[in-house]
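Q: Below are the chains, spelled out letter by letter.
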Amino acid sequence: MKLLFIIKQTFSNLWRERTPVIATILTICIALTILVAIFEISFILFNQLEDLKSNTRVEVYIESDLSNSTIQNIKTEIEDIISVQDVKFISKDMAADIFNREFGEDIMEILGENPLPVTFEIRLYQHFNNPDYLLKFKEKVEEIRGVEEVHYRHALIAKLEALTQAVATAGIIMLVILFIAMHLLIRNTVKLSVYARHQQIQIMKNLGAGTIFIRLPFILEGAIEGLIGGILSSIFLIFAHKFAESTFSLLVFPHYTYKLIALITISAGIAIGFITSAGSVSVFVNKIFSKK
Amino acid sequence: MIHFKKITLNYGHVPGALKDINLRLHEGEFTLLLGPTGSGKSTLLRLIYMDILPSQGIVQVGKWTSNNISPRQINLLRRNVGVVFQDFRLIENMSVFDNVALPLVIESYRKSQINKLVHGLLNEVNLSHASHQQASTLSSGEKQRVAIARAMVKDPIVLVADEPTGNLDREASKNVLSLLERINRNGTSVVMATHDYELIKDTKHRRIYMEYGEVLPAGRTVPLSNKRITILTQEE
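One line per chain: the protein sequences are R and L, in this order.
Under the numbering used here, the first residue of the first sequence carries the number -9, and numbering increases by one thereafter.
Under the numbering used here, the first residue of the second sequence carries the number 4, and numbering increases by one thereafter.
The shape of chain R in the complex, shown without the other chains (with noise of 0.2 Å):
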């Protein structure tokens, strides 16, 4: 019977408060989707850099002309760097089946002769590809004797981890203020809430009611919120996630992502709901009464 009458008691409130209470649920929508989608964005962006990163190879070029027992030499002097996985050496006749192969024409027929250089080709340790110790790298290999030319993809990872980071901290700094808005928003509600009730709350009071009687309506009404903003939320991102899958084929989530989602923006918009009306009835409750 009491914890019915708190239901009761919620509800009508919620009704009876009705525009502030919109306000906060679309608040609360609005956030958590927006945090959301910066997450996604970030979490596709470092798996990308990943990718890029664990296929990055540093091709080596070596002059023409040198002895085989030279360009074993060099081999061995790259495989003693500590951050190289493995060496792979590729011949001038590979180097011209290769160009065969990705561009559909034969070098010797066109040229005459096969120009393509003895290369190596270099896997890093996954850890050692990053820009700034590729770059190293790549000089330290190139003051070997007898390598022409380093080359590796470095300005697309050192554009990728850019805006990788950039997304990162551009995320973080929208978390702050989002969350600091879903906080004051939902506080102000409360707060006007707990001031146009503050007769029912003596009322109870007098009558002997407990703190939780008295909080948990307040407290039931910020998860309600919370939890009615997370489904709006799910549902909006789960059809922003099918508009693109549909729009752009290339792009497939897997099939949990729509699970995650729901789960992540409904436990948080109930997990922000509840803590932050917990804490401010019983801010504004003390603050009214502290005053009689």
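Calculated from the structure, these hints are not laboratory results.
Think of the CB as a built atom: it goes at the ideal place given N, C-alpha and C, for glycine as much as any other residue.
Any given hint might turn out to be false.
[What the hints assert, rightly or not] Residues from chain R shown here face chain L by an in silico Cβ test under 7 Å; the list is partial:
| no. | residue |
| --- | --- |
| 1 | 199 |
| 2 | 203 |
| 3 | 269 |
[Claimed, not checked] Capping the alpha-carbon separation at 27 Å, the derived lysine-lysine pairs in DSSO-like fashion look like this:
| no. | chain 1 | residue 1 | chain 2 | residue 2 |
| --- | --- | --- | --- | --- |
| 4 | R | 65 | R | 126 |
| 5 | R | -2 | L | 119 |
| 6 | L | 8 | R | -8 |
| 7 | R | 126 | R | 78 |
| 8 | R | -2 | L | 114 |
| 9 | R | 149 | R | 43 |
| 10 | R | 78 | R | 65 |
| 11 | R | 82 | R | 149 |
| 12 | L | 207 | L | 8 |
| 13 | R | 126 | R | 149 |
| 14 | L | 119 | R | -8 |
| 15 | R | -8 | L | 157 |
| 16 | R | -2 | L | 22 |
| 17 | R | 181 | R | 43 |
| 18 | R | 128 | R | 78 |
| 19 | L | 157 | L | 204 |
| 20 | R | 65 | R | 82 |
| 21 | L | 8 | L | 66 |
[As the list claims (entries may be wrong)] For each label pair, taking beta carbons as the anchor points, the in silico distance ranges come out as:
| no. | chain 1 | residue 1 | chain 2 | residue 2 | range |
| --- | --- | --- | --- | --- | --- |
| 22 | R | 8 | L | 122 | 30 to 36 Å |
| 23 | R | 8 | L | 95 | 33 to 39 Å |
| 24 | L | 206 | R | 188 | 47 to 53 Å |
| 25 | R | 8 | L | 73 | 36 to 42 Å |
| 26 | L | 59 | R | 272 | 30 to 36 Å |
| 27 | L | 73 | R | -8 | 19 to 25 Å |
| 28 | R | 12 | L | 73 | 39 to 45 Å |
| 29 | L | 96 | R | 152 | 57 to 63 Å |
Model the placement of chain L on the given structure of chain R, informed by the hints.
A: The following block gives chain L in isolation, referenced to the frame of chain R:
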């Protein structure tokens, strides 16, 4: 049952809301607190349900004493003291039934018990027909009867009524007084503050007169409702 021992109460830095009050209210008694507005009647009543605590002295209500009471115990005390106010203090957007049931809901009574007790009380205050009506739709007299029913639903050790007829016309005031007297005859102690001498002049209840935060001694002649009367004041 209720004992005020050397009570002094100051509101913040303003001294003298109550000055050296020594008073006993006995079980089963109907006590009238008389005196002009601002004399300290309501303040004295607020001490009974410990809405405020004295600056000096001790208030004892049943087994609870003000000098070592915790907030949790204050809640328990209030569940055993029925309070009726001049402005009714009903939750206006709730039904009559729900208002009366509130003290029982707070104490987690079962639905069947709540139904039985609330309907019984509403019958006693002649408001059975208005059970499902919203409190805001009632007349002032009806609202006060709902407030009395709510105060009585837990069978309190004392019913405290602070100017219960202050917002009512003569007829409704008489009805409320006779309802309180009936409650008292059934064994509940009643303490009622009023400045309406006309209403209570023919009653035989114990009268305590307050002025400037003090209980006046017996035999004093005081002005009341445009008359000068000698009241029997019993301090102890």
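Q: Would you mind marking each hint as holding or not holding in the structure?
A: Right, here's what the structure says about each hint:
1. The closest approach between the C-beta of residue 199(R) and any C-beta of chain L is roughly 5 Å, which is under the 7 Å cut-off, so the hint is satisfied.
2. For residue 203(R), the interface hint holds, the least distance from its beta-carbon to any beta-carbon of chain L being 6 Å, beneath 7 Å.
3. Residue-level restraint check for residue 269(R) is violated (minimum Cβ-Cβ distance to chain L is 20 Å; threshold 7 Å).
4. For a cut-off of 27 Å, the pair hint linking residue 65(R) to residue 126(R) stands: about 18 Å separates their Cα positions.
5. Restraint check: the Cα-Cα separation between residue -2(R) and residue 119(L) comes to about 21 Å, which is no more than 27 Å; the hinted pair holds.
6. A distance of roughly 38 Å separates the Cα atoms of residue 8(L) and residue -8(R); the hinted pair therefore is violated under the 27 Å criterion.
7. Note on residue 126(R) and residue 78(R): the hinted pairing holds, with a Cα-Cα distance of about 20 Å set against a maximum of 27 Å.
8. The straight-line distance between the Cα atoms of residue -2(R) and residue 114(L) is roughly 15 Å, inside the 27 Å bound, and the hint therefore holds.
9. Only pairs whose Cα atoms come within 27 Å are accepted, and residue 149(R) paired with residue 43(R) is accepted, the gap being roughly 12 Å.
10. Between residue 78(R) and residue 65(R), the direct Cα distance comes to roughly 9 Å. Compliance with the 27 Å bound is thereby established for this hinted pair.
11. For the hint pairing residue 82(R) with residue 149(R), the CA-to-CA distance comes to about 32 Å; that exceeds 27 Å, so the pair is violated.
12. With a CA separation close to 26 Å, the supplied pair residue 207(L) and residue 8(L) stays within the 27 Å bound.
13. About 18 Å separates the Cα atoms of residue 126(R) and residue 149(R), which keeps this hinted pair within 27 Å; it holds.
14. The straight-line distance between the Cα atoms of residue 119(L) and residue -8(R) is roughly 17 Å, inside the 27 Å bound, and the hint therefore holds.
15. Under the criterion of a C-alpha separation no larger than 27 Å, the hint pairing residue -8(R) with residue 157(L) is consistent with the structure, at around 16 Å.
16. At roughly 45 Å between alpha-carbon atoms, residue -2(R) and residue 22(L) are farther apart than 27 Å, so this suggested pair is violated.
17. Distance hint between residue 181(R) and residue 43(R) is unfulfilled; the C-alpha atoms sit about 51 Å from each other, more than 27 Å.
18. Distance restraint check for residue 128(R) and residue 78(R): the Cα-Cα separation of roughly 17 Å lies within the 27 Å cut-off, and the hinted pair is therefore satisfied.
19. The hinted pair formed by residue 157(L) and residue 204(L) fails the criterion: a straight-line CA distance of about 30 Å is larger than 27 Å.
20. A hinted pair counts as satisfied when its Cα atoms are at most 27 Å apart, and residue 65(R) with residue 82(R) qualifies at roughly 16 Å.
21. Proximity of residue 8(L) to residue 66(L) is assessed by CA-CA distance (about 15 Å); at most 27 Å being required, the pair is judged to hold.
22. For the pair residue 8(R) and residue 122(L), the beta carbons lie near 33 Å from each other, so the given range of 30 to 36 Å is met.
23. For the hinted restraint 33 to 39 Å between residue 8(R) and residue 95(L), the CB-CB distance of approximately 18 Å leaves it violated.
24. At roughly 36 Å, the beta carbons of residue 206(L) and residue 188(R) sit outside the given window of 47 to 53 Å.
25. Restraint check, residue 8(R) to residue 73(L): a C-beta distance of roughly 38 Å satisfies the suggested window 36 to 42 Å.
26. The hinted range of 30 to 36 Å is satisfied by residue 59(L) and residue 272(R), whose Cβ atoms lie roughly 31 Å apart.
27. Taken as a hint, the range 19 to 25 Å holds for the pair residue 73(L) and residue -8(R), whose Cβ atoms sit roughly 22 Å apart.
28. Between residue 12(R) and residue 73(L) the beta carbon distance is about 41 Å. The supplied range of 39 to 45 Å therefore holds.
29. Hint check: residue 96(L) to residue 152(R), Cβ distance near 58 Å, so the stated range 57 to 63 Å holds.
In this structure, the earlier hints numbered 3, 6, 11, 16, 17, 19, 23 and 24 are contradicted, and the remaining ones agree with it.
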